[in-house]
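*Asks:* Sequences are here, hints too, so could you generate the full structure?
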Amino acid sequence: MTHPTIIPRDRKRGAHLRTALSLAAGYTPVLPLRAGKVPFGNCPACHNNACGGRPNMKVPGPCLCPRPCHGWAAATHDVAVITSPVWVAAWRQAEGVAYHPGGAGLTVLDLDNADAITWARRTLPLTQTVPTTRGQHWIYQGTMSSANGVRPGVDIKSAMSYARWLGPGNGTTTALRDAVRALVVRKPSPVRAVTVPVPAGGGECPHRSPAYLERGIAMAEQQITGAASGVHATVYRT
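Be aware that the sequence shown starts at 1, since it is given in my numbering, and climbs by one per residue.
Please keep in mind that the hints were generated in silico from the structure rather than gathered at the bench.
Quick caveat, the model's predicted, so the values are computed rather than measured.
Incorrect hints may have been included.
Label-pair distances were calculated between CB atoms; the ranges are [to be verified]: (1) Ser-84 - His-47: 12 to 22 Å; (2) Arg-134 - Gly-52: 18 to 28 Å; (3) Leu-21 - Ala-182: 29 to 39 Å; (4) Leu-126 - Asn-148: 31 to 41 Å; (5) Gly-36 - Gly-14: 40 to 50 Å; (6) Ala-179 - Pro-131: 30 to 40 Å; (7) Ala-89 - Gly-167: 19 to 29 Å; (8) Ala-35 - Arg-134: 14 to 24 Å; (9) Gly-52 - Gly-149: 47 to 57 Å; (10) Ala-179 - Gly-14: 14 to 24 Å; (11) Asn-49 - Pro-125: 15 to 25 Å.
Where is the CB? At the ideal position from N, CA and C, for every residue including glycine.
*Replies:* In structure tokens, the structure reads:
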């Protein structure tokens, strides 16, 4: 009878750091993930963005915190940072490795279920795929805006976002196509036609009759003339 191999937690966390260093060697920005597969929370100095945020965030700030604060914005391929004491402390608690797709020149299509995968295979260009817990990551060469819920079970992770590193996957990355970029383009709201009420008895609206229109024009001319006279009197009274 064979028994499952038990990997000590320290060895597993050491593997996360080795994975991060391997990715960084290829200039892929990385960061540690804590329990729940999410980035570590901000330190007290960066809590609630009190530091102003990092220079590479949507609203650039002056923060140069050495810790892995601010999620994706902390991702780096600088080995000196990745192996610094404060980052090593985070790696010791890490439950995974994340990377910044946009910083690596990539876009990740996160397909969360079987229906999303079926739709992608039918609709989008095939590319490198990586199995996830519930679905797949489709990885394209090129960057774009990130967005969640572009359709049921589909998120886009590229600029200003992070994705879990789950291995190299299968296939070769292909160039980002318009079919993928179009997923984040918002469709304009439909224009509703303006309806004009018609008299209950039918027939032509009296407001459109020639006599009614002529009366309206005459009233407008009187108001314009009166306004002009008032301006003339005011000017020459001074």
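*Asks:* Decide, hint by hint, whether the structure agrees.
*Replies:* Hint check:
no. : hint                          : result
1   : Ser-84 - His-47: 12 to 22 Å   : holds (21 Å)
2   : Arg-134 - Gly-52: 18 to 28 Å  : violated (37 Å)
3   : Leu-21 - Ala-182: 29 to 39 Å  : holds (37 Å)
4   : Leu-126 - Asn-148: 31 to 41 Å : violated (23 Å)
5   : Gly-36 - Gly-14: 40 to 50 Å   : violated (21 Å)
6   : Ala-179 - Pro-131: 30 to 40 Å : violated (23 Å)
7   : Ala-89 - Gly-167: 19 to 29 Å  : holds (26 Å)
8   : Ala-35 - Arg-134: 14 to 24 Å  : holds (19 Å)
9   : Gly-52 - Gly-149: 47 to 57 Å  : violated (29 Å)
10  : Ala-179 - Gly-14: 14 to 24 Å  : violated (41 Å)
11  : Asn-49 - Pro-125: 15 to 25 Å  : violated (38 Å)
The structure is inconsistent with the numbered hints 2, 4, 5, 6, 9, 10, 11, although it conforms to all the rest.
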